[in-house]
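Q: Here are the chains, one letter per residue:
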Amino acid sequence: MPASPASDPDEVEDIELVKRSQTGDMRAFDALVTRYRGRVYAMTYHLVQNETEAWDLAQEAFIKAWRAIGSFKLDASFYTWLYRISHNVTYDWLRKRRIQGDGEFDDERTDHRVAAGAEAVPTAFVAPDVAMKRAELGQRIHEAIAQLSPDHRQAIVLREVEGMSYDEIAAVMGTSIGTVMSRLFYARKKLQELLKDTYENAT
Amino acid sequence: MKTPPEDHDLIRWLDDEMTAAERTAFEARLAADPVLKAEAEEMRQISLSVRSHLPKEMPVPHPDFFNSQIQVRIEQMELEDRRASARPAAAGSIFSSLWMRLLAPVAAIAMVAVGWMTLRTSTASGSVVVSVYAPDPKVQATAVENVDAQATVLLLEGLEAMPADQNVAGLTVHHAETDSQLATTTLYDGAGQVLLVMGKDARNQPLIFSHGSPRG
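Those protein sequences? They're chains A and B, same order as listed. Per the numbering used here, residue 1 is the first one in the first sequence, and the count goes up by one each step. Per the numbering used here, residue 1001 is the first one in the second sequence, and the count goes up by one each step.
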């Protein structure tokens, strides 16, 4: 969830870096890029399900942020502001893909070269069979997420990954809270359907 | 089939978006409705799995290059902005398409030598190397541009000696293709023949895989 403004030392430092960036200090902006690139990249990756596209979109988001940083009023946390820009960049990309006729069941998006389950595996030792099951489940979840429509995928990512409240999701997606709840409901129903055998086999 | 408000109740319960009174009432419903309870439990499991398998933060591939590319693109855009505001709309560019053709091979060859060196070329208003980047701190990369000579010289200090049979100088690169899966970039001449295939070795150092082999 985006941090509240000026509530911790890191955020204070953000404000300082933002102020310096607003004067044209590229090094200060580079520090912000370094600080938030992992989160922005994770968000774009979860939404587009493609490493190369996610990398490009994350870059695009930071470039847009630099171009617009003069208008940032410091009335929200930098990350919240950056997140909205990243979301808009990614959403525009997804919309264009949809218009161009790329369906939501694009095989390319589910053809992961990265072991999906490995990304969140704790560094502590786990037994090989447990690790394998976990990696398999991770792969299944990634594939299921990739099959959601862009709107449903976004709602799930904003809620489950970013931990945003319904109000925040509605603001980011530019929709009503009722629509957010519907999208979350249908996204979860779809995931339930796609992952049904996984949970049936587990019990 | 449930009505939408009931769907919303289930979702709000899962996401802890209910008031205490709403939660108590909904949990009483769950206790009285085994089907609803089973669905709620399954959705909760899925929610937990999604949270644990979709990280909030991920390592960015080639992080240094990620940052440097942002700076290069910003500098390039600002340069283009300045050029656009400095010249009348009708005036032609001082950079001709010939200039672009001359610079492209230089840029491509420099990338062979330095690996992730950062070059930025404009597609609209000319072409210029605005920044160079070498991931190996032992390698110093410098671009020297001479408008009169219509040439850019790239100095790469600190590289290991290149084998004499790798005739990089004098290549005319028509275009390049990158294979993200193999992490290689292939340079082609105007006839579509492969000039060089470059990648990185296990130490992440630039590596030329082949030279002059047929395409494909």
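Derived from the structure by calculation, the hints contain no laboratory data. Hints are not guaranteed to be accurate.
[Said to hold, decoys possible] In silico BS3-like pairs for lysine-lysine, Cα to Cα no more than 30 angstroms straight-line:
1) LYS190/A <-> LYS1037/B
2) LYS19/A <-> LYS64/A
3) LYS73/A <-> LYS1037/B
4) LYS96/A <-> LYS64/A
5) LYS19/A <-> LYS1056/B
6) LYS190/A <-> LYS1056/B
7) LYS1056/B <-> LYS189/A
8) LYS189/A <-> LYS73/A
9) LYS196/A <-> LYS1056/B
10) LYS189/A <-> LYS1037/B
11) LYS196/A <-> LYS1037/B
12) LYS96/A <-> LYS189/A
13) LYS1056/B <-> LYS64/A
14) LYS96/A <-> LYS19/A
15) LYS96/A <-> LYS1056/B
Q: Give a verdict on every hint.
A: Status of the hints after comparison with the structure:
no.	hint	verdict
1	LYS190/A <-> LYS1037/B	18 angstroms, holds
2	LYS19/A <-> LYS64/A	17 angstroms, holds
3	LYS73/A <-> LYS1037/B	46 angstroms, violated
4	LYS96/A <-> LYS64/A	18 angstroms, holds
5	LYS19/A <-> LYS1056/B	26 angstroms, holds
6	LYS190/A <-> LYS1056/B	22 angstroms, holds
7	LYS1056/B <-> LYS189/A	23 angstroms, holds
8	LYS189/A <-> LYS73/A	40 angstroms, violated
9	LYS196/A <-> LYS1056/B	25 angstroms, holds
10	LYS189/A <-> LYS1037/B	15 angstroms, holds
11	LYS196/A <-> LYS1037/B	16 angstroms, holds
12	LYS96/A <-> LYS189/A	26 angstroms, holds
13	LYS1056/B <-> LYS64/A	22 angstroms, holds
14	LYS96/A <-> LYS19/A	34 angstroms, violated
15	LYS96/A <-> LYS1056/B	25 angstroms, holds
Hint check: violations occur at hints 3, 8 and 14; the rest are consistent with the structure.
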